[in-house]
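2 protein chains.
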Amino acid sequence: MENCFGIDIGGTTVKIGFFSREKGLLEKWEIPTRKGPEPTALLKDIHGEMADFLKRSGIPWEELEGVGMTAPGPVTEDGCLRGTVNIGWGDVFLGKEAAEIFGVSPVFVGNDARVAALGEYTYGAGKETDSLLMVTLGTGVGGGIILNGRILNGVTGTAGEIGHMTMNPFEILPCSCGKKGCLEQYASAKGMVRVAQDMLSRWKKPSALRSFGTLTAKDIWDAAKNGDALALEVAEYVSRFLGMGIANACYIADPALVVLGGGVSKAGQILLDMVRQSYAQNVFAHCRDRKFALSALWNDAGIYGAAAMVFQQGTFCD
Amino acid sequence: MENCFGIDIGGTTVKIGFFSREKGLLEKWEIPTRKGPEPTALLKDIHGEMADFLKRSGIPWEELEGVGMTAPGPVTEDGCLRGTVNIGWGDVFLGKEAAEIFGVSPVFVGNDARVAALGEYTYGAGKETDSLLMVTLGTGVGGGIILNGRILNGVTGTAGEIGHMTMNPFEILPCSCGKKGCLEQYASAKGMVRVAQDMLSRWKKPSALRSFGTLTAKDIWDAAKNGDALALEVAEYVSRFLGMGIANACYIADPALVVLGGGVSKAGQILLDMVRQSYAQNVFAHCRDRKFALSALWNDAGIYGAAAMVFQQGTFCD
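Protein chains in written order, with my numbering: chain X, 466 to 783; chain D, 466 to 783.
Simulated from the structure, these hints should not be mistaken for lab results.
Don't take each hint at face value.
Which copy? The list can't say, so a pair holds if one copy fits it or any two copies do.
Pairs of lysine-lysine residues, derived as DSSO-like cross-links and limited to a Cα-Cα distance of at most 30 angstroms, are as follows [what the hints assert, rightly or not]: (1) Lys561 / Lys756; (2) Lys670 / Lys520; (3) Lys645 / Lys655; (4) Lys520 / Lys683; (5) Lys500 / Lys561.
Please take these sequences and the hints and turn them into a complete structure.
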């Protein structure tokens, strides 16, 4: 039987999935992310989880085809994970270190948003397509591009990093990355809340958004669905930037399908419709019928993509 | 002996090159572009030129490995050239029609900017690299991305079309494509002149740019090199958008090298320096040392790339 672990390392939790090539995801669970200056302790936690599971299930380590892992930063072709500010590591060869600690080979490592895109491509919204761009709308905005079943990773591991495309050259507020006018400043959950608070401070009429102590992106989209005029303005404004950013990315990579994922995309059809409208206003006529879809795997896209790296025994297309 | 023709179809002239796989470009010449509602007459002109050359040189048609051609519009994977507004054709299967008229097979067809990028990759500034983005600064702004020796073409043939990325969401003037705020509106020869004329109308001090009846992009860069204050402001302004657009494209495709080509890039080092500076201000720290180069093949990049399609017997990487 051909098995593997697919592991999604986030800033707060680590998701672990056990997959069979034939039957897909068999079991999944989460552990908290142990932070620190290097990944050793976290990798030992993960190793312990895998060992317990295999023992409990009576599966020998030798039956594993490998382990796939996501990492919250750019991963270069030689396997170096660069600058994972969320967790506190510096540059680290995560796959090599994991293979030693796990006693398993191969271990495949890819950027979380890129690997999630591979998950959607292989098992989710992109099953029927040759190429896709996935945009992950969470605390930040991540992205991944899949061409012919492989991650377009690039020479510095940043291919697909749509969230840091400059969309507004006149922005005065800085992004978390240090520069100004990044798509993430408008289209991330945090960015949407900032836009809403800014608009709210100048809004004279009633709005449901005033009633929230701590406003969230979900509150904004829920209010928009209920027809709140300000929430609709916020939704239109952030969707305009998002559709424009996706159009820009499509002028570069030109994928068959665009998938919207991440927590914010749970807003669903209204988000999809607004983003598609802005997209269509910002591309050549012959590109307007590009397919759009919502994520099919949601929070599991990362572990699915990690498993896909193992089952296809490879990661990057260049 | 392995030979081919590499043909670059532009809006004004058609460049024809005869190449040997071993010795490279052996002879090149130009003919005017015959315009019309369909490409038949132009293809017959090209066929006549090839026949005359081969007869004169004593080379039988059978010795040709094929013909490579560029086209001034997006070319889809199935070989359809879409919306060549410059020349007046509609959607046309140019390669298929050319193969019939030439009596030669295979005929490879690709978008002019994408094929020029392949030329630089195979024979020019990108000879030592695995991947590149080439930006062609001419009347418009074109672009092409090469990954592992193949053109990244995309599902609609628009991959690499950097000139129509929206760089200014607040622009009020329309681009030739119909939308507003495209990179081309600032970084093309025409766009640079427009920016200069606009700045000149509000400029109180003396400037060399006032002395030109019909201002050109070359005049602006020449004046900037001579230290003209307004010309330097124009150069900085357009380079800012260009560096930002290249940074955005690198966040999506992340190539090893960026090549600046086309007529405007003859401005040389000053342009390269200003664009690199703006690029570096708009990317993650670990991406700042990306290589930049000026085109090595200049106007011949198209015919070289067309020949490369034939010698590698293929065009697209997806």
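Query raised in the report: Should Lys645 paired with Lys655 be assigned to within, between, both, or neither, using CA atoms and 30 angstroms as the limit?
Result: both (15 angstroms within a copy, 28 angstroms between copies)
Requested in this report: If the cutoff is 30 angstroms on CA atoms, where do Lys500 and Lys561 land: within, between, both or neither? Let me know, please.
Outcome: Within one copy, since 19 angstroms is at most 30 angstroms while 59 angstroms is not.
Query raised in the report: What label fits Lys520 with Lys683 when the C-alpha limit is 30 angstroms: within, between, both, or neither?
Result: For Lys520 and Lys683, neither the intra-copy (41 angstroms) nor the inter-copy (73 angstroms) Cα distance is at most 30 angstroms.
Query raised in the report: 30 angstroms Cα cut-off: does Lys670 pair with Lys520 within a copy, between copies, both or neither?
Result: Cα proximity of Lys670 and Lys520: none, with 62 angstroms in one copy and 81 angstroms across.
Report task. At 30 angstroms max between alpha carbons, let me know whether Lys561 reaches Lys756 within a copy, between copies, both or neither. Result -> between (38 angstroms within a copy, 28 angstroms between copies)
Going through the hint list in order, the structure does not satisfy hints 2, 4.
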